[in-house]
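Here is what each chain is made of, one letter per residue.
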Amino acid sequence: MIGKMILNEFNGIAVKGIACAVSTNWVSIESLKNGENDAVLDKFVKTTSVLGHYECGPRQTAADLAQAAAQRIFDAQGIDKSEVGVLVFATQYPDYRVPSTACVLQDRLGLQRDCMAFDINLGCSGYVYGLNVVSSLMQSSNVRYGLLLAGDTPSKGVRSDNSRNLFGDASAATLLVKEEGASPITIASRTDGSGYKAILRPYGYSKHPERPDIEGVFNEIDVFNFAIDEAPALINELLAAKGLTPGDFDCMALHQANMMIMKQIVRRTHFDKAKMLMSIDRFANTSAASIPLCFVQKYGETEGAEIVNALICGYGVGLSWAAGIICINAQDVLPIIETDEYFDDGLFV
Amino acid sequence: MTNEEKLHLLEDVFELDENTLTPEMVLADIEEYDSMSKLSLIVMIDDECHKKLTGEQLKEFETIQDILDFMG
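Protein sequences appear in the order of chains S and R. Going by my numbering, the first sequence opens with residue 1, and the numbers climb by one from there. Going by my numbering, the second sequence opens with residue 1001, and the numbers climb by one from there.
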């Protein structure tokens, strides 16, 4: 079914801070070589551009990383936490079956009870969808600050060697604020549930409670075809709808699926390759955290003010995809956080 | 496109030396025909032949000749 492209537009909402956190445990591809797999791993690096990934400790979760990232923004911006009225956590690795991890984080972050908090179960498109949801709730309410958390810990799932190397653990926090005169945020979104089996972890939940030790499905070819067709098509439609061209942007932050996909998207949207940001090299594919990690990699150490017009696009599991136009100030992007801290809920045995 | 030109394109995709592929070669015996080179193959066929290579179609390929036929 082809309909009208959905466009969400927000005026008067600005990105006030971006921070990302990972564990202290970086696993390099080089360190996995054993003499027999060297050629396979070399080819893996060449085609994906992944040099390694971060893995959480056994008790550390995406929520712990998200909390560290959010706290760093609060500290850096010195904002009044009592004015944070929206907390959304885009994750596919929640701490518990129930409740929403965002509810627990509302308390852990010391936010007021006058706060909406819930999770969004989306992966690679989760950051762009999350920005849309948080901005929508802010625009229609009296809330001053909204907090988007986005992160996953694929290392917690059952994995083959290949998926272990391709995916990394990370979480991001993005603070949004109502601000008069802020550059507009524009987001276009799509879903194609007919492709749900391309990336599927069916076991251990309600429909198939059995066999939780099976990894699930990742149909690389179907995902590739989807990504290189649909992501550029949506970006091109979004730019056309807004009367913009690639030359109007300072950078392009794509979901970091693998280098071959990203190169095709850049090519098919006619962006200058030099504008494509990267986080896949150091962090691998970090699902919903991959786009903010691109900003942290590029601008995390920037000190002066620098206005950055960015085109962002997340695409993947669902199948779900969304593209957005946002404006950030490089000095609001904080350096990467490495931490081993985790929350003790009193239930560890 | 001649068969020879198509073979050269495939040699590029699989990162093989020129004139190493022949139509009767069985894909399962070609070490370089792995998951990553399948992705390169999709891009090449899209660029050069303006055809969409699906996962289903890929599974049906048994020999280099099958790919040449698909390329048209």
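Careful: at least some of the hints might be erroneous.
For lysine-lysine, the following DSS-like pairs were computed, each having C-alpha atoms within a straight-line distance of at most 27 Å [stated by the list, open to error]:
1) S:298 to S:275
2) R:1038 to S:81
3) S:81 to S:178
4) S:43 to S:273
5) S:178 to S:298
6) R:1051 to S:46
7) S:207 to S:46
8) S:197 to R:1059
9) S:178 to S:156
10) S:263 to R:1038
11) R:1052 to S:207
12) S:207 to S:43
13) S:242 to S:46
14) R:1059 to S:275
15) R:1052 to S:197
16) R:1038 to S:4
17) S:197 to R:1051
18) S:273 to R:1052
19) S:33 to R:1051
20) R:1059 to S:273
21) S:263 to R:1052
22) R:1038 to S:273
23) S:275 to S:242
24) R:1052 to S:81
25) R:1051 to S:263
26) S:273 to R:1051
27) S:197 to S:242
28) S:178 to S:273
29) R:1059 to S:81
30) S:207 to S:156
31) R:1059 to S:43
32) R:1038 to R:1051
33) S:43 to R:1052
Quick caveat, the hints were computed from the structure, so don't treat them as lab data.
Inset, instruction - State the violated hints by number, sorted upward, taking the hints as numbered earlier in the document. - result: Structure breaks hints 2, 7, 9, 11, 12, 13, 14, 16, 19, 20, 24, 27, 28, 29.
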